[in-house]
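Enquirer: Turn these sequences into a full structure, and let the hints steer you where they fit.
If you're matching them up, the sequences are chains L and U in order.
The numbers in this note's numbering rise by one with no breaks, and the one at position 328 of the first sequence is 328.
The numbers in this note's numbering rise by one with no breaks, and the one at position 41 of the second sequence is 41.
Hints are computed from structural coordinates only; laboratory data are not their basis.
Here are the simulated BS3-like cross-link-like pairs (lysine-lysine), alpha carbons at most 30 angstroms apart as the crow flies: (1) L/Lys164 x U/Lys115; (2) U/Lys140 x L/Lys387; (3) L/Lys174 x U/Lys179; (4) U/Lys318 x L/Lys64.
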Amino acid sequence: MSESSEINGRQRELFIRKSTRVAASYLKRAKALSEMPDAAKPFFDVLENTYVKLADIQKPEDMKSIGTLCVMVPAELVYAAGAMPVRLCSGSYTAYSIGDDYIPRDACPLVKAVMGFGKIKALPAFDNCSLLVAPVTCDCKKKLAGVIDSVKDTIPLHIPPLKKDDADTEVFLKELYRLIPLLEKETGKQVTAKSLAEGINMVGNAQYEMSEFLKYRRHDPALMSGTQVMSVMNAYSYMPVNMWAKQMHRLNEELKLRLGQGHFVSRKNQPRILVTGSPIAFPNIKVPLLIEEMGGVLAADETCMGERGLYDPVSVIDASFDGMMRSLASRYTKPCTCPVFVDNSQRIYRIKQMIKDNKIQGVIYHVLRGCLVYDYEYQLMEDAMGKMDIPIIRVESDYNEEDVEQLRIRIEAFIELIKLKELKKEA
Amino acid sequence: MKDIENRVNLSAYKKEMKEVLQRIVKAMPAYKELLFFVKCVVNHYLTDLEKNKADIVVIGSNIPEELVLVSGKMPYWILGGSRVSSMWADDIVPRDTDPVSRSGLGYILSGFAEKSLILIPLVSDSTRKLAYILKSRGLKVHTFHFPPVKDAESLLEWRRQYELCRDAVALHLKRPLTKRVLQKSQEQILMVKRQIQDFMEISQSTMSGSSRMFILGSYYCTDNLSEWSFQLECLTARLRKEQKHQNNEKSKVLLLGSPVYFPNYKVPFLIEEAGLELFLQADYTTLSMQGCIGFESMQKELAPNTFYGHDTSPAYVKNNSLYERILKLLTEKEIDGVVYHVLKGQIEYDFELGRFEELFEKLDIPVFRLETDYNYQDIEQLRIRLEAFSEILNQRRYRRFGKETVAM
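Expert: The following block contains the structure:
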């Protein structure tokens with residue numbers, strides 16, 4: 001069977017109809033949650049353009065797109081090579097069902113969705129990427145890198161499983177050096193010390209805006225719905241970093257105004273929830289939506305498509321080219337709390353800190369079916385939360401809507417439990 | 001012993017071992033040379049486990065043997081094949097964890113490796129997380145990372161890992177591991193692997209596939225490799241004498257995919273019960289035991305590089321080494337069908353299946369994907385499916401060679 005005949009015109013038509021409908025409905029639900037700040041609209045427009053209107057990413061015409069499959073690909077380096085990184089980790093249910101035919105049944109849905117988009121060729125944000133950089137993190141991403149090269153040129157990026165020693169960072173540094181000529185070949189532009197510094201500054205600026213945004217996010221009562229926050233952070237994947245930072249600045253200004261006016265979107269006694277675990281990639285925002293629809297406040301997240309992606313800035317101590325490269329290698333491995341690392345105990349410290357900073361009352365541990373690495377860490381998390389007397393619940397989900405009602409009941413019960421606990425405390 | 005009994009249910013474990021052993025021994029020819037191998041397995045799985053004496057414990061078969069052989073005695077290999085020991089780890093690992101990792105963790109948690117250095121090759125998600133679980137329980141763990149893309153740069157990294165492992169073993173044994181000592185170990189391993197190749201060639205017509213697997217598996221059970229190698233030589237000599245004409249009646253099946261480790265012989269037994277000949281098991285454990293491409297010309301100082309270059313485990317983005325080995329095998333041997341064995345949770349093998357399906361389709365060799373775990377609930381379903389597969393292979397054989405060549 002030839003590649004073109006595998007997915008025929010009718011299938012493609014059906015795919016487009018269904019996937020745009022699902023994405024539009026999630027956008028509508030997210031927007032309807034509470035009074036969305038006006039400045040958040042551009043982020044939603046970007047998601048709409050990408051997933052509903054199926055338009056290409058708005059960026060300078062001469063700028064190429066480089067697809068990345070994880071937050072461990074340094075965006076700074078891609079910008080330094082004159083291209084734009086596009087995070088292709090998707091939450092599309094329809095692409096997942098296409099990918100299901102090409103990827104083993106028990107693989108995680110995120111990987112299937114990526115493969116689905118690769119095969120269906122209906123998402124310009126994916127199709128217009130001239131290259132894919134696939135970090136070899138978990139088993140599924142490792143093997144995906146081996147099969148997706150049939151649809152798109154792919155560079156596997158080796159991530160060392162240990163990160164404590166300098167020698168491990170050195171391994172990643174070598175990988176980054178190996179990546180440079182491949183990016184240069186693709187874009188026709190050289191990565192220089194100047195362009196790398198610019199890349200670091202651009203992403204640093206976005207990280208600064210993000211850190212400001214997180215300060216507002218921590219506020220109790222909330223200034224903006226958590227699902228909308230997650231959507232804003234997801235939009236980072238499909239926007240040039242300067243544009244995202246500019247819009248984020250506007251959003252921060254509006255939130256500042258809201259704070260001054262005492263304009264809140266939640267009540268003081270609403271349970272504040274933290275979500276952690278497998279990535280929550282648009283349009284699969286059913287868990288954040290359910291939390292907020294059931295009366296909780298999604299006050300923080302420890303996920304790679306959320307806060308983790310832009311949490312830590314690159315700290316350049318030595319401004320030479322090699323110094324900057326070392327800073328990048330260090331930034332993308334050492335503070336990373338992805339469970340693909342052997343020793344990931346710092347994730348627990350990070351979550352403990354977030355619980356304190358964001359006044360969290362309960363944790364929802366999100367596991368995508370087949371995402372074994374996160375599942376392994378659940379027990380550790382459960383123990384840590386038990387010691388802190390913070391309720392935790394594990395919710396396992398997939399890329400479809402069949403489990404929504406079951407999840408709704410469990411999340412609703414969890415929120416009720418937190419409310420009851422707080423009532424008991426007050427009494 | 002009592003300590004172990006407190007933690008785990010040893011009687012169920014012993015029963016599991018005994019049942020499989022009895023079945024294997026029953027199917028073996030009555031040669032006295034086989035007794036040594038049976039004893040090896042019994043000692044490893046039952047006596048040694050209770051003695052709590054292992055200096056070095058190795059999880060899986062991905063660590064170059066010379067690194068652990070230098071201690072003067074064989075390490076305790078934990079390959080993980082026990083249904084009962086996999087249950088010992090049930091409360092610690094997620095539901096979807098593969099049974100091999102479960103079983104390996106179960107063995108270690110039974111407590112016999114408390115004073116050992118545990119070497120863990122980081123080849124999958126489970127091994128990474130297992131390493132952390134064991135470390136956080138205060139056990140002495142050293143990890144060995146396999147870069148997932150084989151090139152000159154990753155070879156250097158692999159060499160670094162090799163040296164780090166050597167240092168860790170030396171530190172644990174409090175003995176310097178010099179180049180000369182390592183080379184001596186490599187020589188011994190090379191010799192043993194040649195003998196294994198000989199055995200595999202000769203035993204084809206005289207022993208059943210599962211019995212050959214058992215003998216091969218006992219390599220990881222012996223605590224005296226020289227003795228094991230001598231005994232294998234004796235057995236090969238005996239088999240050479242008894243060698244029959246090639247048995248052409250049964251359809252020959254190649255077993256690919258997830259490795260089968262003792263005592264989980266469910267699949268090989270089923271294959272044989274369905275009237276098929278288990279011609280060869282081709283997974284990374286058995287293939288590495290039989291040497292590798294160009295293994296004769298392998299230079300001693302480059303032996304570690306060769307190990308990495310020819311490793312056929314699914315730890316890589318593209319498992320080209322396995323693909324090449326299978327291609328070579330198909331040019332040398334005649335195979336009627338392929339059973340592709342996938343243990344639940346071992347997703348990498350499922351990813352690799354597509355490429356092999358394409359290959360076998362081109363060669364007109366039927367492939368049968370069989371997914372299972374260490375439980376016995378699915379055995380009847382698997383039996384029916386395998387019998388149907390056997391029928392297909394026999395029909396094809398009948399069409400090719402005529403009625404007299406087909407065993408009914």
